[in-house]
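Visitor: All chains should be modelled from the sequences, with the hints used to inform the complete structure.
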Amino acid sequence: MTVLAAHASPLGLLLVLAVIVPLLGLAPLLLLKARPAERSALVFLAAGLAIVCALCFEVARSGAPLAYFLGGFKPPLGVGLRADGFSAFMLGVTAVVMVAAGLFAMTAPGADKPRMPLAFWMLLLGVWSALNLVYVADDLFALYVALELLTFAAVPLVCLDGRAQTIAAALQYLLFALFGSVLYLLGAALLYGTYGTLDILLLAQRAHGEPALLAALALMTAGMVAKAALFPFYLWLPAAHAGAPAAASAILSAVVVKAPIFLVVRFWYDIASPAQTAAVAPILAALGAGAVVLCGVFALRQARLKLLIAYSTAAQIGYLFLMFPLAAASAGAGVWGAIAWTGGALHLVSHALSKAAMFMAAGVIAETLGHDRIAQLSGIGRIVPISVFAFGLGGLSLMGLPPSGGFVAKVMLLTSAVQQGSWWIAVVILLGGLLAAGYVLRVLLPALQRPDGNLVPVPVARWREMVALALALGAVALGFVPLQPAAFLAIGRPASWDGAVP
Amino acid sequence: MNLAAALLIAAPVVPFLLALACAFKSVRRVAPLLLAPAAVPGLLAALLVPRDVFVLVAPAPFRISFFLDVPGAILLGGAALLWIAAGTYAATYLAKDPRRGGFCVWWLLTLAGSFGVFIVADVASFYLAFALVSLAAFGLSAHDDTAEARRAGIVYLALTLFGEALLIAAFVMLASGSPQANPLIRDAVAQWPVSPWRDAILLLLVVGFALKMGLVPLHVWMPLAHAVAPVPASAVLSGIVVKAGVIGLLRFLPLGVALPHWGLALSIAGIFTAYYGIALGLTQKHPKRVLAYSTVSQMGVVATVIGGALVQGDSAAAAIAAFYAANHILLKGALFLAVGIAAATAPGAVMPVLGLAGLLGLSLAGLPFTGGALAKLAIKGPMGEGAAGFLLALSAAGTTLLMAKFVVLLRDSAKGRAAFPLPSQRLMAPWIVLSVLALALPFTLYPLVTGERIASAFALVNVEKTAVPVLLGLALAFALHQRGPALPEVPAGDVLVLAERLGPLLARGLAGVGRLDDVLRRWGVAGALLAGLVVALAVAVRSAP
Amino acid sequence: MTALVSTPTLFGLTGAALVAIGLYGLIVHGDALRRILAFNILGGGIFLLFGVIARRGAGAGFGGDPVPQAMVITGIVVAFSATALAVALVRRLQALPPEPEDEAAPAAASTEHEEAA
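Residue numbers (my numbering), protein chains in the order written: chain L, 1 to 502; chain Y, 1 to 545; chain F, 1 to 117.
Just so you know, these hints were derived from the structure itself, not from any lab.
Please note that the accuracy of each hint is not assured.
Pair ranges (Cβ atoms, derived) [stated by the list, open to error]:
{"hint": "1", "chain 1": "Y", "residue 1": "R483", "chain 2": "L", "residue 2": "A303", "range": "52 to 60 Å"}
{"hint": "2", "chain 1": "Y", "residue 1": "A511", "chain 2": "L", "residue 2": "A54", "range": "48 to 56 Å"}
{"hint": "3", "chain 1": "L", "residue 1": "F480", "chain 2": "Y", "residue 2": "A346", "range": "49 to 57 Å"}
{"hint": "4", "chain 1": "L", "residue 1": "V427", "chain 2": "Y", "residue 2": "I432", "range": "46 to 54 Å"}
{"hint": "5", "chain 1": "Y", "residue 1": "F443", "chain 2": "L", "residue 2": "F480", "range": "41 to 49 Å"}
{"hint": "6", "chain 1": "Y", "residue 1": "R483", "chain 2": "L", "residue 2": "V427", "range": "53 to 61 Å"}
{"hint": "7", "chain 1": "L", "residue 1": "R39", "chain 2": "Y", "residue 2": "V535", "range": "45 to 53 Å"}
{"hint": "8", "chain 1": "L", "residue 1": "A54", "chain 2": "F", "residue 2": "L33", "range": "42 to 50 Å"}
{"hint": "9", "chain 1": "F", "residue 1": "L33", "chain 2": "Y", "residue 2": "V497", "range": "52 to 60 Å"}
{"hint": "10", "chain 1": "L", "residue 1": "P385", "chain 2": "Y", "residue 2": "P352", "range": "40 to 48 Å"}
{"hint": "11", "chain 1": "Y", "residue 1": "A531", "chain 2": "F", "residue 2": "F11", "range": "22 to 30 Å"}
{"hint": "12", "chain 1": "Y", "residue 1": "A158", "chain 2": "F", "residue 2": "I73", "range": "55 to 63 Å"}
{"hint": "13", "chain 1": "F", "residue 1": "G64", "chain 2": "Y", "residue 2": "L516", "range": "45 to 53 Å"}
{"hint": "14", "chain 1": "L", "residue 1": "A303", "chain 2": "Y", "residue 2": "G355", "range": "52 to 60 Å"}
Just a sample of chain L residues kept apart from chain Y, beta carbon distances all over 12 Å, derived [stated by the list, open to error]:
{"hint": "15", "residue": "I20"}
{"hint": "16", "residue": "L42"}
{"hint": "17", "residue": "S62"}
{"hint": "18", "residue": "A108"}
{"hint": "19", "residue": "G110"}
{"hint": "20", "residue": "K113"}
{"hint": "21", "residue": "P114"}
{"hint": "22", "residue": "T194"}
{"hint": "23", "residue": "L213"}
{"hint": "24", "residue": "A226"}
{"hint": "25", "residue": "P274"}
{"hint": "26", "residue": "Q419"}
{"hint": "27", "residue": "V456"}
{"hint": "28", "residue": "V458"}
{"hint": "29", "residue": "P494"}
A quick note: this is a predicted structure, and the numbers were derived from the prediction, not measured.
Beta carbons are placed, not taken as given, at the ideal position from N, Cα and C, and that holds for glycine.
Guide: Written out as C-alpha cells, the structure is:
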C-alpha cells in the first residue's frame, strides 16, 4: 500500500466550512418566524459566499489544491476533502448563483407577507451544502450521500406550490434520480469490493483496468448521466425545471444538473486511464450531440416560456459532453491544458449565469402577465424592459454570439474540434447555436413588438429584475475571457494526494 | 495616447457609449439630436488619422487592435458622411415617432458596429463588430413593426445568423494555424496558404460575406428589409451595412495570392447578381424596392471586381473596390433619402427633386463628369478589357434603365400637400448636401486610389467609355417608356417566395422530430436506454488498450 | 462438510438476483408505488453485496471489514428517507384532484404572488 505523503493544508478548514455553514444556517430557520428566518438565511448565504471566495482566492494564490482529512484520518480509512482549481471553480459558480437566487427570492421591504415559503430557504441552504460537498469530497461514498442530499433538497423545490402537476413532476424527478443513485451505489460497491477503498485518488493508483473497475465506471457514469438529464434521459427535467418557482428553477437549471457532470469528469479524468476515457468519450459526445440537436428542436416547439427554457437546459448540457473527446484526444498538451477543457468549463459557467438570468426573467414575465404562454408575449418588452433585456443577453450567450461567455466557449470548443478534425462535433456546435437562436428569438421577437391587446401588468420589484440583469451581464462579461487555456482550472491536476502537500 | 489612436478608438466607442447612455430617460429624450454628432469621430478619424496606423488597445492575450489602411479609410469616411447626413435627416423625420428612443439605440449600435468593421485589425474584434452591425441593423429594419416588417425581420435574422455561423467556422479554421489566441487578420490570412483547409475556409468566407452583400441567391433578405425600414434607416442599411460584407472580403480573402478558380467563381456570381438585380428591380412598383434591387446589382459589381483581383492576385485592387463601394454608399444613401423627400413633396413641385434624384441615379450608372464615372473608370483597371470588363460596363446601361424606372416611380409617389410644396429645410438640407458630396467627392479620391491624374478622367476616350452605356440605357428607357410591355411585379425577395413553400414541409419535419420527444420521455424507454448505456459504456471501455 | 457454494458466493448471487429483479421492476412498471418498491429491492440487493464484501474483508485484510457495514447502515437510512419522500409525494398526489391541462404550466405565477412594489 502506498504511503501517503499528504498533509492537510493550513486553510483546509475552509473546505469543511463551505459544507457546514449552509447546514448551520438551517438551525435558525427551525426556530425563527418567517421574516427573521429569511433574513437569517440571507446572512448565511453571504457567509457562504465569503467562505467560497476565500477558498478560491487561497487556491489561486497558492497554486495548489486545498486538502482536509476529516477527524485527522487519512484515506483509505478517513474521508478526504480536496479542492483543486476545477472544484474551486465549481464552488465559485455555485455560490454566485445561490446568492443571486436568494436576492431574487427575497421579500420586498414593507411587503406584508413573505414571498417564498420558509421551506424554500431551508431547501436552498440544503442544496448548497450538498453541492459543495459534491465538489470537495474525494470519497465515493461521501459523494453518494452528497448526491442523495442534493436530490432530497432539490425535489421539494420543484413542488413548492403543491399543485398536482408539480408534485407529479417532482415524483418523476425523484424516482429517476433514485434510479441513477442505485446504479452509482452498485458501482461503488464493486469498487470497494475490488480495491478496498472508495477514495478517488487512491483508486486512481490502485486500479489498472480490472473488469470490476470497468463495470463500476460504466454503472456510475450511467447513474450520473441520468441525474444530469443528458439526452435521452431528460424525461424528468422539463416538467421539474418549468414547474418550480423562478428562483428555484434558476438553481436547478444553473447548478444542480452540473454536479453529476462534475463527477463524470472526475471518474474519467481522475480514475480511468486516458485510453479508457478516449474509448468512451465518443459515446458521451454522441449523447451530447443528440442533446444539442434534438432537445434544441424540442425547445423550438414548446408553447410555454418556462418549458422552452427548461428544454434549452437539456440541450445546453450536451455541450459539456462534447468536451470529452476533445479534451481526451489532446493528450499531447495534457488534458488540463487543453483548450477544450477551458471551453467546457467556460460554457458551464456561462450557461449557469445566463440560464439563471433567463429563468428569473421568465419568472418576472409570468408574474407580471399572469401566464407564460409564448403566443401571448407580444409587447412584453414595453412593460418589463429590464427583464426582457436580461433574457436577451442570456440568450446571446446561449446563441454563442459575441460578446458573451457562450461565444468564447463556442470558439474554444470549435478550435479544438477543428484542430482534431472532429468535423461532426464542429457541425453540432454550430447547429446548436442556430437552434438556440431559433428558440430565443421565438420569445424575443414578439416581446419587442407592439402589444396585441391591452396588457394589464402587475407591478414587480425593480431589484429582482436587476438581479436577473446582473447575472446576464456576468455572462456577457465572460466574453472578455482570453481565448486560451485557463491556468486556474489546471491547479492540482492531474489529481493526487501528493499534490496536496503545501 | 496620440490623437490618431484616440480618434480611431473614439469612432466606434463614442456611438456605443451613447447607445448605453440611452438607458437614461433624459438622454433618450434628446437621442435623435445625438445621431449625427455620434458619427463625427468616425469622419475625423478617416480624415486626420494617417494611413496604415496600427493601434493596440488591449495587449495580448486580448490583442484588441485597430488599423486604418486606404480601403478602410475610404469606406469609413464615406460611411461617416452618410451617417451624419442620415442622422440629421432622421432627427426631423422621426420627430413625431413615439418610439424614436428605441430607434436611436439601434441606430447608434449599428453605427458603432459599422465603424468597427472598417477599422478593427484582429479577428475576434472583427467578428464582434460584424455581429453588432448585423444584429443591430435588424432593429432598424423592424422599427415600423408592420406585418411586412416582421416577415422581413425574420428572414433577415435567419440568414444573418446562418452567415455568422459560417463565418465563425471560417475564422476558427483560419486562426487555428496561428500561434496567438486572437491573431491579427493579416497574420491569420498570411497563414492561409499553409492551412490544411484552404478551400473550406474560402468557401465559408465567400458564402458568409456574400450573404451580407446580397449575392444571388443570398440576396433575398435585402429587398424585404431595406424596403420596410424608415427612410433614413433604409439609407444606411442599403448604403453602409451591406459594406460590412465588402470589407470582410477585402480583409479576409488572400488577395495577394492568384486564385484563378475562386476569382472566376466570384466574378461569375457577381456578374450574374449585377444583371439579376437590374432585371428584378425593373419589375418593382415601389421606389425603395427598386433601390434595394439596385444595391443587389451594385454589390454584384463589387464582387466582380474583387473576383478579378483574386484571379490576378492583385492586392492593390482592394482600394479600388473600396472606392467603388464608397461611391455607392453616398449615392445610394442620397437616393434613399430622396424617396422620403419626394413623398413629402407636392406633385406640382416635384420636378427639382426628380432632377437631382435622376442625376444621382445617372451618376450611379457612370454619367461622365460625375463622381460615379470615376468609380466606373477606376474598376476598369483591375477588370481589364476582357469579357468580365465588358459585361460590367454594359451593366451600367441596365443601371441607367433601373434608375429611370426609379425616377418615374418617385414622381408617382409625390403626395405632399400644395400648401407646403416642399418638405422642411431640415429634411432638404442634409439630402442636398449629401447629394453634392456624392457627386463631387470621388474627384478628390480618384487620383489617390488609381494613381492617375484627374485630368485623365476627362480625356475623350474615357468620357466615351462611360457615356456610351448611359446613353444606351437612356435610349432603352425611353423606348420602353413609350411602348414597353407592362412587367408583372415580382414579389420582393423573389426566390424566397419559392423557398417559403418549403415552410410547411419543414414544419411537418419538425413535428415528426417532436413526436420523438414524447417517445423518449416515456419512463420505460428512458429506463431501458439507461440500462443500455451501462452496457454500451462497459463494452466501449473494455475495448481500450 | 463443504457447501456446494460458499456462503459469500450464495449471498453474492442472491444480491445479484435482487439487483436484477429490482432493475427489471424499475424499468418495466409504470406505477409509482411499484417503482418505489423496485428501488428498494434493488437497494436491498446492493446492501447484500456490501455485506458480502464486508465478509470477505477485502479492504483491511481482517476476517470482516467494518467499513462496508457502516456504509450499509448509512445507505439504509438514505434509502429509507428516499422512500419516505417518494411515498409522501405519492400520497399528496393522490389526495389532490387532477387539474386541467391548460392551467398547468405557468407554475411561477401561482407561488409568486403579492408584493406590491
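Visitor: Assuming the hint says 45 to 53 Å, is it satisfied by the Cβ distance from G64 (chain F) to L516 (chain Y) or not?
Guide: 51 Å, holds
Visitor: Indicate whether the distance between the beta carbons of R39 (chain L) and V535 (chain Y) respects the range 45 to 53 Å.
Guide: For V535 (chain Y) against R39 (chain L), whose Cβ atoms are near 52 Å apart, the range 45 to 53 Å holds.
Visitor: Minimum Cβ separation between I20 (chain L) and chain Y greater than 12 Å?
Guide: 34 Å, holds
Visitor: Could you say whether the range 48 to 56 Å given as a hint is met by the Cβ separation of A511 (chain Y) and A54 (chain L)?
Guide: For A54 (chain L) against A511 (chain Y), whose Cβ atoms are near 53 Å apart, the range 48 to 56 Å holds.
Visitor: Minimum Cβ separation between V456 (chain L) and chain Y greater than 12 Å?
Guide: It holds; V456 (chain L) is separated from chain Y by about 20 Å at its closest Cβ, greater than 12 Å.
Visitor: Measuring from beta carbon to beta carbon, are L33 (chain F) and V497 (chain Y) in 52 to 60 Å?
Guide: Check passed, 58 Å falls within 52 to 60 Å.
Visitor: Decide, holds or violated, for the assertion that all CB atoms of chain Y are farther than 12 Å from the CB of S62 (chain L).
Guide: Given a closest Cβ separation of 24 Å, the condition holds.
Visitor: For the range 46 to 54 Å, tell me whether the beta carbons of V427 (chain L) and I432 (chain Y) fit it or not.
Guide: 52 Å, holds
Visitor: Holds or violated: 42 to 50 Å for the Cβ distance of A54 (chain L) and L33 (chain F)?
Guide: Holds: the Cβ-Cβ distance is about 47 Å, inside 42 to 50 Å.
Visitor: Per the hint of 49 to 57 Å, is the separation of the Cβ atoms of F480 (chain L) and A346 (chain Y) within bounds?
Guide: For F480 (chain L) and A346 (chain Y) the Cβ distance comes to about 55 Å; the hint holds.
Visitor: Note whether the CB distance of R483 (chain Y) and V427 (chain L) lies within 53 to 61 Å or breaks it.
Guide: Between R483 (chain Y) and V427 (chain L), where Cβ atoms are some 55 Å apart, the hint holds.
Visitor: Regarding A303 (chain L) and G355 (chain Y), is the given constraint of 52 to 60 Å on their beta-carbon distance met?
Guide: For A303 (chain L) and G355 (chain Y) the Cβ distance comes to about 56 Å; the hint holds.
The structure fails hints 23, 24, 25 and 26 (numbered hints given earlier, in ascending order).
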